[in-house]
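The listed protein sequences derive, respectively, from chains X and C.
So that you can map any letter, position 34 of the first sequence is 34 in my numbering, and since no number is skipped, the others follow by simple counting.
So that you can map any letter, position 50 of the second sequence is 50 in my numbering, and since no number is skipped, the others follow by simple counting.
If you are wondering where the hints come from, they were derived from the structure by calculation, not from laboratory data.
Take the hints with a grain of salt, since some may be wrong.
[Unchecked claim] Under the rule of at most 27 Å between Cα atoms (straight-line distance), these lysine-lysine pairs were calculated in the BS3-like manner:
hint, chain 1, residue 1, chain 2, residue 2
1, X, Lys151, C, Lys12
2, X, Lys67, C, Lys91
3, C, Lys58, X, Lys150
4, X, Lys54, X, Lys39
5, X, Lys176, C, Lys18
6, C, Lys12, X, Lys168
7, X, Lys150, C, Lys91
8, X, Lys2, C, Lys101
9, C, Lys12, X, Lys150
10, X, Lys32, X, Lys87
11, X, Lys176, C, Lys58
12, X, Lys32, X, Lys134
13, C, Lys18, X, Lys150
14, C, Lys5, C, Lys18
15, C, Lys5, X, Lys168
16, C, Lys18, X, Lys168
17, C, Lys108, X, Lys39
18, X, Lys151, C, Lys58
19, X, Lys134, C, Lys11
20, C, Lys58, X, Lys168
21, X, Lys176, C, Lys108
22, C, Lys101, C, Lys18
23, X, Lys168, C, Lys91
24, X, Lys151, C, Lys108
25, C, Lys91, X, Lys134
26, X, Lys151, C, Lys11
27, C, Lys30, X, Lys19
28, X, Lys134, C, Lys5
29, X, Lys150, C, Lys101
30, C, Lys91, X, Lys19
31, X, Lys150, X, Lys2
32, C, Lys30, X, Lys176
33, X, Lys150, C, Lys59
34, X, Lys39, X, Lys134
35, X, Lys176, X, Lys39
36, C, Lys101, X, Lys168
37, X, Lys150, C, Lys5
38, C, Lys5, X, Lys151
39, C, Lys58, X, Lys32
Predicted model, so just to flag it, every value in this text is computed and none were measured.
Next come the chains, spelled out residue by residue.
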Amino acid sequence: MKELSLHILDIVQNSLGAKASLIEIDIEEDIKNDLLIIKIRDNGSGMDPDTIKKVMDPFFTTRTTRKVGLGIPLFAQAAQSCGGGLKIYSKKGKGTEIVASFTLSHIDRAPIGSMADTMVSLIAVWPNVDFVYKHSVGDRGFTLDTREIKKTLEDVPINNPMVIDWIKEFVNENLKEINGGA
Amino acid sequence: MPVIKSIEELKKIRDQAKDAINLRVDNDTKTRVVVGMGTCGIAAGARQVMLAILDELKKRNITNVIVTETGCIGLCQYEPLVDVIQPGQPKVTYVNMNPEKAREVVVKHIINNQVVDEYVVPNI
Numbered sequence: 001m002k003e004l005s006l007h008i009l010d011i012v013q014n015s016l017g018a019k020a021s022l023i024e025i026d027i028e029e030d031i032k033n034d035l036l037i038i039k040i041r042d043n044g045s046g047m048d049p050d051t052i053k054k055v056m057d058p059f060f061t062t063r064t065t066r067k068v069g070l071g072i073p074l075f076a077q078a079a080q081s082c083g084g085g086l087k088i089y090s091k092k093g094k095g096t097e098i099v100a101s102f103t104l105s106h107i108d109r110a111p112i113g114s115m116a117d118t119m120v121s122l123i124a125v126w127p128n129v130d131f132v133y134k135h136s137v138g139d140r141g142f143t144l145d146t147r148e149i150k151k152t153l154e155d156v157p158i159n160n161p162m163v164i165d166w167i168k169e170f171v172n173e174n175l176k177e178i179n180g181g182a
Numbered sequence: 001m002p003v004i005k006s007i008e009e010l011k012k013i014r015d016q017a018k019d020a021i022n023l024r025v026d027n028d029t030k031t032r033v034v035v036g037m038g039t040c041g042i043a044a045g046a047r048q049v050m051l052a053i054l055d056e057l058k059k060r061n062i063t064n065v066i067v068t069e070t071g072c073i074g075l076c077q078y079e080p081l082v083d084v085i086q087p088g089q090p091k092v093t094y095v096n097m098n099p100e101k102a103r104e105v106v107v108k109h110i111i112n113n114q115v116v117d118e119y120v121v122p123n124i
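From just these sequences and the hints, can you work out the full model?
The structure is reproduced here in structure tokens:
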């Protein structure tokens, strides 16, 4: 994957497959400690301890269309090659949390890429799932919470094209702001 | 400091959208577009393909199309894959999509009902 935001999109597919109704994505760029932490947390079906052990294996998948399952192994490898790693916390019936850590300034670290594109392509297709995306750079940060957006929208669907455009700009402008730009 | 993309603006959009809301069309009369969003699809560029389709539909004001996604169907070498399912018609699977080809499919197939043969999955 060329961007970490694509890994995030991919891991979130697992959450959606686990029938999650709330998916939280946290990105923390900790400049002081030279750390990048990405957390993806869901309230989906979760996994039993046996399954958790197996998901790091690229030859394990629950799908039947093919014999490999590369989403988590690829994300883990990306983290490991940047002096970090990937941890999975999960409880059957409760949900799953995936935490990936990277050395922020590592030369092999892929760019985060377009989180606006990742969020928009999720929200447009999964209007009934709630997403909370938090992003911080040092002590500046912002939150996109689809539950709040839906409250404001009343009966207008969140995947209305005009709303989708607003979300995209909301994410892009906030990212510019917390990165000290504009 | 200017207020970023404020909630006020979102409210304005809400009111605009309310006025523009069309009568709900029955789901069986809607065309479905399915984008492959497995690891293979995403790595091959499915996100940009999906966004291009959404953008083209928005630009042309097409509201009777549902865009959804699916996981890997085992044709990873042909990703990004896009299925177009029109009511009463067999499913058409397009392979090796990119944003430009996807826009072409929206215009030719979804709007003008002409299957774009050259992008359809080869017989296997």
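Quick rundown of the hints versus the structure:
1. Lys151(X) to Lys12(C): Cα-Cα ~14 Å, so holds.
2. Lys67(X) to Lys91(C): Distance of about 25 Å is within 27 Å: holds.
3. Lys58(C) to Lys150(X): With a Cα-Cα distance of about 20 Å, the restraint between Lys58(C) and Lys150(X) holds, given a limit of 27 Å.
4. Lys54(X) to Lys39(X): holds, 20 Å
5. Lys176(X) to Lys18(C): With a Cα-Cα distance of about 31 Å, the restraint between Lys176(X) and Lys18(C) is violated, given a limit of 27 Å.
6. Lys12(C) to Lys168(X): holds, 16 Å
7. Lys150(X) to Lys91(C): violated, 33 Å
8. Lys2(X) to Lys101(C): holds, 21 Å
9. Lys12(C) to Lys150(X): holds, 14 Å
10. Lys32(X) to Lys87(X): The given pair, whose Cα atoms are some 22 Å apart, holds under the 27 Å limit.
11. Lys176(X) to Lys58(C): Answer holds: Lys176(X) to Lys58(C) is near 26 Å, not above 27 Å.
12. Lys32(X) to Lys134(X): holds, 19 Å
13. Lys18(C) to Lys150(X): holds, 14 Å
14. Lys5(C) to Lys18(C): Holds, because 20 Å separates the two Cα atoms, which is no more than 27 Å.
15. Lys5(C) to Lys168(X): Distance ~10 Å between Lys5(C) and Lys168(X) Cα, so the pair holds.
16. Lys18(C) to Lys168(X): holds, 20 Å
17. Lys108(C) to Lys39(X): Given that 27 Å is the threshold and the Cα spacing comes to 41 Å, the pair is violated.
18. Lys151(X) to Lys58(C): holds, 23 Å
19. Lys134(X) to Lys11(C): Holds, at about 22 Å.
20. Lys58(C) to Lys168(X): holds, 14 Å
21. Lys176(X) to Lys108(C): Answer violated: Lys176(X) to Lys108(C) is near 38 Å, above 27 Å.
22. Lys101(C) to Lys18(C): violated, 32 Å
23. Lys168(X) to Lys91(C): Distance ~31 Å between Lys168(X) and Lys91(C) Cα, so the pair is violated.
24. Lys151(X) to Lys108(C): violated, 38 Å
25. Lys91(C) to Lys134(X): Answer violated: Lys91(C) to Lys134(X) is near 39 Å, above 27 Å.
26. Lys151(X) to Lys11(C): holds, 10 Å
27. Lys30(C) to Lys19(X): holds, 25 Å
28. Lys134(X) to Lys5(C): This hinted pair holds, its Cα atoms lying about 16 Å apart.
29. Lys150(X) to Lys101(C): Between Lys150(X) and Lys101(C) the Cα gap is close to 33 Å, so the pair fails against 27 Å, i.e. violated.
30. Lys91(C) to Lys19(X): holds, 26 Å
31. Lys150(X) to Lys2(X): Violated, at roughly 32 Å.
32. Lys30(C) to Lys176(X): violated, 38 Å
33. Lys150(X) to Lys59(C): Given that 27 Å is the threshold and the Cα spacing comes to 24 Å, the pair holds.
34. Lys39(X) to Lys134(X): holds, 10 Å
35. Lys176(X) to Lys39(X): holds, 21 Å
36. Lys101(C) to Lys168(X): Cα-Cα ~23 Å, so holds.
37. Lys150(X) to Lys5(C): holds, 16 Å
38. Lys5(C) to Lys151(X): holds, 16 Å
39. Lys58(C) to Lys32(X): violated, 43 Å
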